[in-house]
Amino acid sequence: MKLIINPLQPGTDFAAEVLNLDLQKPLSEEEFSSIRDAFYAFSVLVLRNQNINDDQQIEFSERFGALETSLGFDQYGGVTRPEISRISNVGNDNQIRPHDHEKSRYHRGNNLWHSDSSFKPIPANISLLSGREVPPVGGETQFADTRAAYDAWPGSTSGVMKNDIEELICEHSIVFSRQLIVGDIFTDDEKRKLKPVRQALIRKHSETRRKVFYVGSHCHFVEGWEYARSRALITELTSWITRPEFVYSHKWQPLDFVMWDNQAVLHRGNPWPDEDYRRVMHRTTVAGQSPTV
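Those letters in the sequence shown? Residues 87 to 379, by my numbering.
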């Protein structure tokens, strides 16, 4: 049966649903080529009712490239493969964790707009998320189109234009971003391992060659700029990118499978009543091939 690609945001090339695809079954080269083309065209793809296991998720994800391995912060719930990152409020005892549990606090950092692994020297290319258990209220994932936002940006309120920031470098740090929302949660040893990295403020997509702003919560400051001025620019750019006209909000249904392009998208997870409802998500992440600077 021929794949059908249905845009989810009428009038835009951002976010689409893929029909007539079952990830439990092997994909032909023609099917994979169609998915790949649609992915780079729309940046976010939604596949409903994908009752897959971790091995099947990894097999599909690896078609796009080598996978990152998890930091190992939450390898519970039967996860045995390091390619799977489990994002959940459910502990290894199969019970909902308290709201103030350290792992729940860590995952709340995902409530801020970010690009996965931008705090690593070589940031991630693609994230693929399987909704194994989803809450009936809240917990949406929102995606912002950094391509359209870059194209439409009129310049900053302070008079800074694109050509003024074309060559700028920013420091990204997950230690910084987690402090914004949950405080100082890392040990001294973890901080030594999670050193800040340098990323281009404006990057060019490796496949489409479109330019985007590369900011988000991990983006701490602009090298060579006075701190307050650089924070103001990063905040303004993030606010611009996440305006409603650039955002697709995904309301999860059980067994949804959503993939997004970290070279073209910021995303965040919305909160939900996390002491009342379970949420179990399994993510695979396609590694990037090169640094942005």
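Everything labelled a hint here was simulated from the structure, so no lab data went into it. None of these values were measured; they are calculated from a predicted model. Built from N, CA and C at the ideal position, the CB exists for glycine as well. Do not take every clue at face value.
To be verified - With a cut-off of at most 30 angstroms between alpha-carbon atoms, the simulated DSBU-like pairs for lysine-lysine come out as follows:
1) Lys281 - Lys297
2) Lys189 - Lys88
3) Lys248 - Lys206
4) Lys111 - Lys290
5) Lys206 - Lys290
6) Lys277 - Lys206
7) Lys189 - Lys281
8) Lys206 - Lys337
9) Lys88 - Lys111
10) Lys189 - Lys279
11) Lys248 - Lys277
12) Lys189 - Lys206
13) Lys297 - Lys248
14) Lys279 - Lys206
15) Lys279 - Lys248
16) Lys206 - Lys297
17) Lys290 - Lys279
18) Lys88 - Lys337
19) Lys337 - Lys189
20) Lys206 - Lys281
Said to hold, decoys possible - DEER-style ranges, computed between Cβ atoms:
21) Pro96 - Pro340: 43 to 51 angstroms
22) Pro184 - Arg149: 33 to 41 angstroms
23) Asn178 - Val223: 24 to 32 angstroms
Compare the structure with the hints numbered earlier in the document and write down the numbers of the violated ones, lowest to highest. 2, 4, 11, 15 and 21
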